[in-house]
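Participant: Given the coordinates of chain Y, work out where chain V with the ligand should sit on it, guided by the hints.
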Amino acid sequence: MTTVAVKPATMAQALTRAMRDAMAADPAVHVMGEDVGTLGGVFRVTDGLAAEFGEDRCTDTPLAEAGILGAAVGMAMYGLRPVVEMQFDAFAYPAFEQLVSHVSRMRNRTRGRMPLPITVRVPYGGGIGGVEHHSDSSEAYYMATPGLHVVTPATVADAYGLLRQAIASDDPVVFLEPKRLYWSKDAWNADHPTDVEPIGRAVVRRPGSSATLITYGPSLPVCMEAAEAARAEGWDLEVVDLRSLVPFDDETVCASVRRTGRAVVVHESTGFGGPGGEIAARITERCFHHLEAPVLRVAGFDLPYPPPMLERHHLPGVDRVLDAVARLQWEAEN
Amino acid sequence: MTVMEQRGAYRPSPPPAWQPRMDPAPLLPDAEPYRVLGTDTAAKADPDLLRRLYAQLVRGRRYNTQATALTKQGRLAVYPSSTGQEACEVAAALALEERDWLFPSYRDTLAVVARGVDPVETLTLLRGDWHNGYDPHTHRVAPLSTPLATQLPHAVGLAHAARLKGDDVVALAMVGDGGTSEGDFHEALNFAAVWQAPVVFLVQNNGFAISVPLAKQTAAPSLAHKAVGYGMPGRLVDGNDAAAVHEVLSDAVRHARAGGGPTLVEAVTYRVEAHTNADDATRYREDDEVETWRRHDPVQLLERELTARGLLDEAAIDAVRQDAEAMAADLRERMNQDPRLDPMDLFDHVYAEPTSQLREQRALLRTELAAEQDEQEGDPR
Ligand SMILES: Cc1ncc(C[n+]2csc(CCOP(=O)(O)OP(=O)(O)O)c2C)c(N)n1
Numbered sequence: 505m506t507t508v509a510v511k512p513a514t515m516a517q518a519l520t521r522a523m524r525d526a527m528a529a530d531p532a533v534h535v536m537g538e539d540v541g542t543l544g545g546v547f548r549v550t551d552g553l554a555a556e557f558g559e560d561r562c563t564d565t566p567l568a569e570a571g572i573l574g575a576a577v578g579m580a581m582y583g584l585r586p587v588v589e590m591q592f593d594a595f596a597y598p599a600f601e602q603l604v605s606h607v608s609r610m611r612n613r614t615r616g617r618m619p620l621p622i623t624v625r626v627p628y629g630g631g632i633g634g635v636e637h638h639s640d641s642s643e644a645y646y647m648a649t650p651g652l653h654v655v656t657p658a659t660v661a662d663a664y665g666l667l668r669q670a671i672a673s674d675d676p677v678v679f680l681e682p683k684r685l686y687w688s689k690d691a692w693n694a695d696h697p698t699d700v701e702p703i704g705r706a707v708v709r710r711p712g713s714s715a716t717l718i719t720y721g722p723s724l725p726v727c728m729e730a731a732e733a734a735r736a737e738g739w740d741l742e743v744v745d746l747r748s749l750v751p752f753d754d755e756t757v758c759a760s761v762r763r764t765g766r767a768v769v770v771h772e773s774t775g776f777g778g779p780g781g782e783i784a785a786r787i788t789e790r791c792f793h794h795l796e797a798p799v800l801r802v803a804g805f806d807l808p809y810p811p812p813m814l815e816r817h818h819l820p821g822v823d824r825v826l827d828a829v830a831r832l833q834w835e836a837e838n
Numbered sequence: 240m241t242v243m244e245q246r247g248a249y250r251p252s253p254p255p256a257w258q259p260r261m262d263p264a265p266l267l268p269d270a271e272p273y274r275v276l277g278t279d280t281a282a283k284a285d286p287d288l289l290r291r292l293y294a295q296l297v298r299g300r301r302y303n304t305q306a307t308a309l310t311k312q313g314r315l316a317v318y319p320s321s322t323g324q325e326a327c328e329v330a331a332a333l334a335l336e337e338r339d340w341l342f343p344s345y346r347d348t349l350a351v352v353a354r355g356v357d358p359v360e361t362l363t364l365l366r367g368d369w370h371n372g373y374d375p376h377t378h379r380v381a382p383l384s385t386p387l388a389t390q391l392p393h394a395v396g397l398a399h400a401a402r403l404k405g406d407d408v409v410a411l412a413m414v415g416d417g418g419t420s421e422g423d424f425h426e427a428l429n430f431a432a433v434w435q436a437p438v439v440f441l442v443q444n445n446g447f448a449i450s451v452p453l454a455k456q457t458a459a460p461s462l463a464h465k466a467v468g469y470g471m472p473g474r475l476v477d478g479n480d481a482a483a484v485h486e487v488l489s490d491a492v493r494h495a496r497a498g499g500g501p502t503l504v505e506a507v508t509y510r511v512e513a514h515t516n517a518d519d520a521t522r523y524r525e526d527d528e529v530e531t532w533r534r535h536d537p538v539q540l541l542e543r544e545l546t547a548r549g550l551l552d553e554a555a556i557d558a559v560r561q562d563a564e565a566m567a568a569d570l571r572e573r574m575n576q577d578p579r580l581d582p583m584d585l586f587d588h589v590y591a592e593p594t595s596q597l598r599e600q601r602a603l604l605r606t607e608l609a610a611e612q613d614e615q616e617g618d619p620r
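Note that the protein sequences, when read in sequence, are chains Y and V.
So the first sequence is residues 505 to 838, counted in my numbering.
So the second sequence is residues 240 to 620, counted in my numbering.
This is chain Y alone, in the form it adopts within the complex (with noise of 0.2 Å):
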């Protein structure tokens, strides 16, 4: 077997990484979507592993998003480890029925007696001027239905790690792949430690007092870049990375707004009926006598996905947050 060298440079680089290293630690692990063979992927994700795992363990299916979750479920049932790859966001509706009605509940109606453990990956979001159908953030749906793990990585180190981890899932994982983020090497984390927090854990990836912005996936960068400019404010923004939203990390998130007192939550997705309100109101649940200004949302509007030309008016950008940083403190002061 080759190793490969060098490290993973790029989150699109450590995802393919990740399967790579799984599927040669454990002869269960099987890759299937369409172009995922000779293609390596619309996005080159599982470049090189049909060359060197065999088209029987990363295998071109007919075009059939939900034939590929269905057929992933039979083959789970038989002590098999799929990892599917729904080509763009809004490509795996078709496979909805399959992940609502068999992949999520499969455990609970056999009483824990048949798990699935399935890997559905999903390049998701906007920002890279994707036609129509291309750019969706399909979150909330999946959040919605009990039995999913929800997860998201915005960083190298986590593409790789949480893939091994969502693999290694005796559980369903729909695996959120930012897809502006593919090529984007995130210099604040550019040891790419494999042995990162579990599915589950949320982790502060830049510490502050005066409010926490809450995100995840293609949005950290934004709040990164925002925290940064805050400074000029004098304000001190700590920044949580979610990387999971089920389960949901309310112990970090909360411990965070206790010490802040203000909370501003931001995602691309649509706000109304988005994870932003969930994630908000678990936050004024748990921490109300820690606040001192309502939580607020930054969030996409609440549109079907704009054209690209006009992509950039809808996706929150560092202005958005930063204004709505400034709302927290004219709350608090009011």
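Treat the hints with caution; some may be incorrect.
[What the hints assert, rightly or not] With a Cα cut of at most 25 Å, we get these calculated DMTMM-like pairs of lysine to aspartate or glutamate:
hint, chain 1, residue 1, chain 2, residue 2
1, Y, LYS689, V, ASP519
2, V, LYS311, V, GLU564
3, V, LYS455, Y, GLU559
4, V, LYS311, V, ASP569
[To be verified] Output of the computed footprint for chain Y on chain V, the stretches with three or more beta carbons under 8 Å from beta carbons of chain Y:
hint, region
5, 367-381
6, 418-424
7, 444-452
8, 455-462
9, 570-583
10, 588-596
[What the hints assert, rightly or not] Cβ pair distances, simulated, as ranges:
hint, chain 1, residue 1, chain 2, residue 2, range
11, V, GLU426, Y, TYR582, 21 to 29 Å
12, Y, GLU729, V, LEU604, 17 to 25 Å
13, V, ALA400, Y, GLY781, 35 to 43 Å
14, Y, LEU807, V, GLU611, 13 to 21 Å
15, Y, ASN612, V, ALA459, 31 to 39 Å
16, V, ARG250, Y, ASN612, 45 to 53 Å
17, Y, ARG705, V, GLN312, 41 to 49 Å
18, V, GLN596, Y, GLU755, 28 to 36 Å
19, V, GLU611, Y, GLY781, 24 to 32 Å
Honestly, the hints are just simulated from the structure, not real lab data.
In this text, a Cβ means the ideal position worked out from N, Cα and C, and glycines have one as well.
Facilitator: Chain V with the ligand in isolation, oriented as in the chain Y frame:
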């Protein structure tokens, strides 16, 4: 003594008589793709029609090269070229009457243009200024569908509705070979057959779904064979033979209009270019294969037929090329102008009546845009 022996010899009662609901033989596709050009049948084809097909083919080819050039200039975000598949595209549009409807996939911009939609409006989706540039009602063309096969049930529903209303409207729905694997393909065909809806399904089998060859997509003898299981005829046609595709589609449209129900047509063709300009086709196919297909080029095939039969001379070819050139020049010029965008449009069409939340968000964006403008104009505020 066993129970069996006690009762005497076991004699199963005869099963109820079973008969197939219909004779599948007439539904089966021919073993070979149907061809017109270069055969004796060609002589029977209407010369005017062939010339019209030719003019549209040349325009289509020119459109493809122009749109590809626009991707290189950054004017289009992406373009899935249909070079090599022009015959299917053009025949699809020309087989329909004005009152009929077309349900295209994302690669079918040529069919949409040949149906009369303004080329610039057709490219809006791919340029990225809006998801759909044209009014579907004007030319009876549904929006180009990106999620594969999902528009097929729509075509069935529309055709069914038209029939319920007593209109003799036919819907033509286009899908790729890869798209036939989706559940929606199955559901659409089944509905169409059960309802006897006036729909024609056109599968452009161009060999690949991005990188996946047909052999990994289906084990069926041909995609046209799939029709039989639903109870509709399947037709196999050479997708690079414009006259043949037009004839087969026109027959299917006529059959549907007359109340005969749906047909599945598989046009065997080839995707000469990569999946899109963003794709690297060398990863999954050999140049030899592409070359073989380039020699079976739809434009050349028709041009040769027409010239051999004296239906087209140099002057006529020139005129057609000039017309295509003019179309390309116009397209180039209009596409090189920045589209006028109003970000406030984002909020205007989400609902017939915007929600109060959207009105709030609209106001926020308006403030942001005003601030941006002030900044650009150097407002001291
Ligand atoms: C439901 C769905 N899944 C995946 C995709 C991503 N995708 C876009 S084009 C394509 C291949 C389509 O192949 P085919 O149907 O043969 O049409 P062609 O591109 O060859 O015209 C894929 C997988 C999609 N658009 N929709």
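Participant: Hint by hint, work out which the structure violates, then give me just those numbers in ascending order.
Facilitator: Checked against the structure, no hint fails, so every one of them is satisfied.
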